[in-house]
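**Student:** Heads up: the sequence lines are chains A and B, in that order. Quick note on my numbering: the first sequence kicks off at 1 and runs consecutively. Quick note on my numbering: the second sequence kicks off at 1 and runs consecutively.
Bear in mind the hints are in silico, worked out from the structure with no lab data behind them. It cannot be assumed that every hint is accurate.
[To be verified] Taking lysine-lysine pairs in the DSS-like style, the calculated list, with each CA pair at most 27 Å apart, reads:
| no. | chain 1 | residue 1 | chain 2 | residue 2 |
| --- | --- | --- | --- | --- |
| 1 | A | Lys24 | A | Lys35 |
| 2 | B | Lys50 | B | Lys95 |
| 3 | B | Lys90 | A | Lys24 |
| 4 | A | Lys46 | A | Lys77 |
| 5 | B | Lys50 | B | Lys90 |
| 6 | A | Lys24 | B | Lys95 |
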Amino acid sequence: MLYTSEALQQLIEEFSHFPGIGRKTAQRLALHVLKLPRDEVVQMAKALVGVKDRIRHCTVCSNITEQDPCVICASPKRDRSLVCVVEEPNDVMAVEKTNEYRGLYHVLGGALSPLDGIGPDQLRVRELLTRINSDVGEVILAMNPNVEGEATTIYLSRLLKPLGVRVSRIARGIPVGGDLEFADEATLTRALEGRIAL
Amino acid sequence: MVISDIMLRNFRNHVESRITFGEGLNVLLGDNGQGKTNILEAVSYLSLTKSFYAASDSHAVRLGEGIFEVEGEMVADGGTPSTVRVAYQKDPPEKTFTINNVRPDSLSRVIGRFPVVILSPEHGSITSGAPAERRRFMDLTLSQVSSVYLDDLIEYRRILRQRNRLLADVRAGQAGAAAPLEPWTMNLAQVGGRIIQRRSRFAAEFSSYVGWAYSSLVQGDEVPLLKYLPCTPAGPGAEPEEIAGAMLQQIHERAAEERRRGTSLVGPHRDELQLSLNGTSVQRYASQGQHKTLLVSLKVAEFYYLRERRNEDPILLLDDLFSELDAQRSRRILAVVGTMGQAIITTTEETPFQGEVHWNTRHRRFTIEHGTVYPAA
Chain A
1 MLYTSEALQQ LIEEFSHFPG IGRKTAQRLA LHVLKLPRDE VVQMAKALVG VKDRIRHCTV
61 CSNITEQDPC VICASPKRDR SLVCVVEEPN DVMAVEKTNE YRGLYHVLGG ALSPLDGIGP
121 DQLRVRELLT RINSDVGEVI LAMNPNVEGE ATTIYLSRLL KPLGVRVSRI ARGIPVGGDL
181 EFADEATLTR ALEGRIAL
Chain B
1 MVISDIMLRN FRNHVESRIT FGEGLNVLLG DNGQGKTNIL EAVSYLSLTK SFYAASDSHA
61 VRLGEGIFEV EGEMVADGGT PSTVRVAYQK DPPEKTFTIN NVRPDSLSRV IGRFPVVILS
121 PEHGSITSGA PAERRRFMDL TLSQVSSVYL DDLIEYRRIL RQRNRLLADV RAGQAGAAAP
181 LEPWTMNLAQ VGGRIIQRRS RFAAEFSSYV GWAYSSLVQG DEVPLLKYLP CTPAGPGAEP
241 EEIAGAMLQQ IHERAAEERR RGTSLVGPHR DELQLSLNGT SVQRYASQGQ HKTLLVSLKV
301 AEFYYLRERR NEDPILLLDD LFSELDAQRS RRILAVVGTM GQAIITTTEE TPFQGEVHWN
361 TRHRRFTIEH GTVYPAA
């Protein structure tokens, strides 16, 4: 499709690179930007550049942060004996939303995936191992419940256990508030496998 | 399960075709290349979410068009109807699947909901071809029975691809000797153990279905037998964990060979489902007639196997049913198929039906010409 403005076309191109944004939505977004007052657009542009300029990785947990160490690692209220290992920063946000977990995090930056060229060297594995000292009592592995997450869990548990730290993984199964009869068979089967003794 | 109506739009050579099927035999008559098989393929899209032969979705779009649509009315044996719709758009590629206007959580969740049994000329390789063909037959049957099996299968394929890539990288010297193969090996064995256990149980149960089906198709004392030969020998009662343990041991024994060849050599992806007649290998020694009869027996067996486990009659899709069969065998097969469920049959000639089937609202025939469907005169 041809646009009457090169600037508009360029903006549509940029929007369409976003995850989950197709060509049509990109066009709607671009036309919306066109209708906004100029100062609002400047605000938005500043915000965009801001995340690139101000955000870096915490040298302790590798989560994204503006201050180093990040607010979670620096907080005296956090339980320093617990480290929850996740794949990406958005997983930290997900766990934080629970308001229940009071320990620290470690962001790996992905999961093992030879098909994508990701091995241990591409992840922050060495950084995790150097964090394990006498203060750390338990490492919780909270990878995504897929093939890559599973391999990463196995890999990390084999590295961590010899260090004398307790290693656990999050459970998978029936979502809270869901009825058993509506759970799909695969989820229910996994939940049965992961049953716990009372 | 029956399909009462179907609509094909810009699908293969059909511009827009609508068919109302009967609950018994539905015969699609026509010369080769007129679009008979395309109708079976459309039903396959509604049931399995894809074509039954290895064709890409974009090839199913009619030449010069951008989107195909297939919509069907599926009626469960209890009488509950579902409107199933598949639309595929070429650019950008997007497949939309809905059941009563609702998208399922994932396409794999649809498999088995509208069970089908398909027989097509390509399936000849099940009895005569490589082990992969028999594994595919076994997998499709089991997938329609158990979504847990299908999930395991999808997971296994992914693990296998990851592990094979790592082994290939190791061989090419692109991954160091310290590359973590072990997590993928453990993963492979864990899921592989579950698949092998399921398949062993399947082969043991299914063999008697095939024996019964074969004897209903031919007189004589030939006895077919199915035997599952997993790469890791496991007793019939072995638990998945035991099989996984045996698999791990075998993988460790062949570790050097795997690294040298750069691929996974142990697991259900290397298994064989052996077919024999009176103890003689079918693949090598059977006649053409025996091959076809055994293939039809496998499909008849699949029908009853699925029916008993899903409490639902599968829809039979029989492509070019009578090819390679003499008049007597054709009549026998027709007699057996006539007692099953709904069948949609393509054929170039009507002879086998003459005098055997009375056409009415239950048994219908259609003529297909250049992608257009006519009620047969």
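**Student:** For the pair we were handed, B:Lys50 and B:Lys90, check the Cα-Cα distance against 27 Å.
**Tutor:** At roughly 15 Å apart (the allowed maximum being 27 Å), B:Lys90 and B:Lys50 satisfy the hint.
**Student:** Between B:Lys90 and A:Lys24, is the straight-line Cα distance small enough, at 27 Å or below?
**Tutor:** holds (16 Å)
**Student:** For the pair supplied as a hint, A:Lys46 and A:Lys77, is the alpha-carbon distance within the 27 Å limit?
**Tutor:** violated (33 Å)
**Student:** When you check the alpha-carbon spacing of A:Lys24 and B:Lys95, does it fall within 27 Å?
**Tutor:** Cα-Cα ~17 Å, so holds.
**Student:** Quick one, are A:Lys24 and A:Lys35 close enough, alpha carbons at most 27 Å?
**Tutor:** holds (17 Å)
**Student:** Does the alpha-carbon distance linking B:Lys50 and B:Lys95 stay inside the 27 Å limit?
**Tutor:** Within the cut-off at roughly 10 Å; holds.
The structure does not agree with numbered hint 4 stated previously, though it agrees with all others.
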